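Spelled out, the chains give:
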Amino acid sequence: MVSILLAQADTNPVREFLSGRYQWDHGHYLFMYLALGLVLFMIGAVGVVVRRNPVVVFMCIELMLNAVNLTFLAFARYQPDHWVDVLGMYTQTDAAMTGQMMVIFVMAVAAAEVAVGLGIIMAIFRMRNEVDVDDMSTLKD
Amino acid sequence: MRDTPVYVFLVLALVAVASAVGVVAFKSPVRSALSLVLTFFTLALLYFNLGAQLLGISQIMVYAGAIMVLFLFVVMMLRLSGGDRVAEKTDKRLYVAIPLAIALTAVVLIKFVQPLFYMPVTKVGDDYGRPSEIGPALFTTYVWPFEIASVLLLIGVVGSIMLAKRKF
Amino acid sequence: MTDWLEGLDPFALAVIRALLLLVPILVLVPGLIWWERRLLSWMQDRIGPNRVPTLTNAKGRKYRLAGLVQTLFDGLKLFIKEDITPAAIDRKIYFIAPAVALFPAFALGGTMPFGPPEGIWKYLTPVADIDIGILFVLAISSLGVYGVVLAGYASNNKYSLMGGLRASAQLISYELAMGVSLLAIAFAAGSLKMTEFVKTQEAPLWGEFPSFQNWFIFTPFGFVAGVIFFICMVAESNRAPFDLPEAENELIAGYHTEYSSMKFAVFFMGEYAAMFVFSGIFACVFFGGYNVLPVNWGFHAAHAPFGNEAFGLADGANYWLAPAWFLGKTTFFFTVFIWLRATLPRLRYDQLMGLGWKTLLPVAVLNFCLVGVWLILEDMKGARYGWVLALAAGLLVTAVWIAIRNAMPQKTERRKVVLVDPKRAS
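Protein chains in written order, with the working numbering: chain Z, 118 to 258; chain A, 329 to 496; chain V, -10 to 415.
Any given hint might turn out to be false.
[Stated by the list, open to error] Below, a list of computed lysine-lysine pairs in the BS3-like style, where the Cα atoms sit at most 25 angstroms apart:
(1) Lys70(V) <-> Lys81(V)
(2) Lys81(V) <-> Lys355(A)
(3) Lys81(V) <-> Lys147(V)
(4) Lys66(V) <-> Lys188(V)
(5) Lys66(V) <-> Lys51(V)
(6) Lys370(V) <-> Lys355(A)
(7) Lys493(A) <-> Lys51(V)
(8) Lys147(V) <-> Lys493(A)
None of these hints come from the bench; they were simulated from the model.
None of the values given here were measured: they were computed from a predicted structure.
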């Protein structure tokens, strides 16, 4: 299936990259940062699904949030040229600022979420004396 | 400021992916937490590579310096009270999760991200990450989200204190 | 020399700057340990190590050199001492904990300038003059928690773990007040760069007297911020009176109980290096950094009725010997660290946390608001009114706060404890 998908791609970047002298352009940097963000996000997602210790699940959620942050910043830095700007008022600096503002607020929200979530985990642990996400699936008890 | 060479990015990306895999793979939650610290540190260096200075240093201060300390606290206190007896045998879900994740990554990469490879892209100037640029924007254009975020953090503080009290 | 430095590859220049930071700290740490032991002994009415390099010449006369080599031999002892490693530890974390504790101590000096950003010193210091200089200091000091926590955890010892957790709670509590007090100074300086901090302090004193320099410690808000920052500095380096985490009679040796010989030496070295670099940052932010005295030599050289050349010479000395002045100030504040250790008793844990959260943080935040008020008033009415009104506002707020604190019911009543009854004959 992967080979079918690869065949549908426009060109094969791997072959070009291995061809020797290569001119690194900004679009390539954008691609690499996005690919890294995607891989980190997927690793975090696998972690959330597989792990049973709730603190580790939390950590994987944080990993996903950070991958998203990286994506935001990559777009803030390397902005694609062909995007629709209806009013003509949204400059490139504005777009860069927006990306960074999103990251700032994601950081703030993640901090608040971690504080409260870990408090919840400690409270549950105090009540039940053990932590296992799979066992705590019912709301009662 | 010229772009930093590619191998800087490649080294940092490799370390980030390796420590992210470490977060998921280590059995001991303390080792997972430490891997996550390394991931955050590497990500902060990547933010510096992108020119976002204020955000990079905030990443170190907030994530690696505060949030992860909180995580380590909780992990160690759970250990002290004997709460880490979760029997983490290799979960059967892993055999489904990993191929699915790889497939999903491949699809998204090839369909959505790869077209960006050849798109003409403008690199924003290096000033966008400076505190002198972010400061005015944060207090003029984005002042509403800023104030709401501070209220949210206050709610978080009050909530975590309430959760930590043993009797009200 | 300047041309050669200018022509170097920036990476090589950065390596030179990093070495110029690291090597002096490494070389000075044994001297600092000696100075601490001698000064502490004098303050405690004893002599301290003074015998170690006892040289006997041909006639049999002995020369004692004030114990200067003591630290070297102590280091050698620690090096060849038996390295006891407990059995059931987490090996990898146990071995990296000292390294993790040592890294922030040196990295803190990354944005600290020890020379003016002109001429030759521009290429030699600071290691990185980034736009976020003071935030770098805060971020690296928040990384200092990890060494303590990991050391306490890896020792597989309940007391070490408790010592580590208490130490980390103390460290993150005092980071907040430290950050807010530095924010007030950043507010007044108008930038986060450390070189800007020092440059702003070279302005006329209080906006009025151009013959003196406006070191932040002389300004009311800077004085309050300086005191708060100093207290937080002492807490961040786990020094007395905040050394509960490593107190001997409390938790054996706290988080570094199970570390012997070389690993303990690494912790020890890290603590002294951190103290030294923190003193340097305090000198840089509050006391004018590399300027020797709060005097504007250039102004005197231009406007003084007599002795213009002497002032010109002083100006030159201020520039060329800048690292020496910086080192002198840093050593002075290091001495104050030792002085505090000799004088004050250890704070109990709840007193410590109460001080950090309930006293220092509110005062730092009020100070921050005061700086805001001062800046607005300075813009509106000029420097003179700004100072007076801001000072009045600060005194008013302090008076109101003290009144409220005294009116609230005290949780622990203060009682007198008679240790020796004066009436009974002893």
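Results for each hint:
Taking the CA atoms of Lys70(V) and Lys81(V), the gap is near 22 angstroms; set against the 25 angstroms cutoff, the hint holds. With a C-alpha separation of about 14 angstroms, the suggested pairing of Lys81(V) with Lys355(A) holds against the 25 angstroms cut-off. Distance check on the hinted pair: Lys81(V) and Lys147(V) sit about 19 angstroms apart at the alpha-carbon level, within 25 angstroms; holds. A distance of roughly 45 angstroms separates the Cα atoms of Lys66(V) and Lys188(V); the hinted pair therefore is violated under the 25 angstroms criterion.
For the hint linking Lys66(V) to Lys51(V), the alpha-carbon distance of about 24 angstroms falls within 25 angstroms, and the restraint holds. A C-alpha spacing of about 64 angstroms is found between Lys370(V) and Lys355(A), which places the hinted pair above 25 angstroms, so the restraint is violated. Of the pairs offered as hints, the one joining Lys493(A) and Lys51(V) is violated, with about 66 angstroms between alpha carbons and a cut-off of 25 angstroms exceeded. This hinted pair checks out: Lys147(V) and Lys493(A) have alpha carbons roughly 24 angstroms apart, not beyond 25 angstroms.
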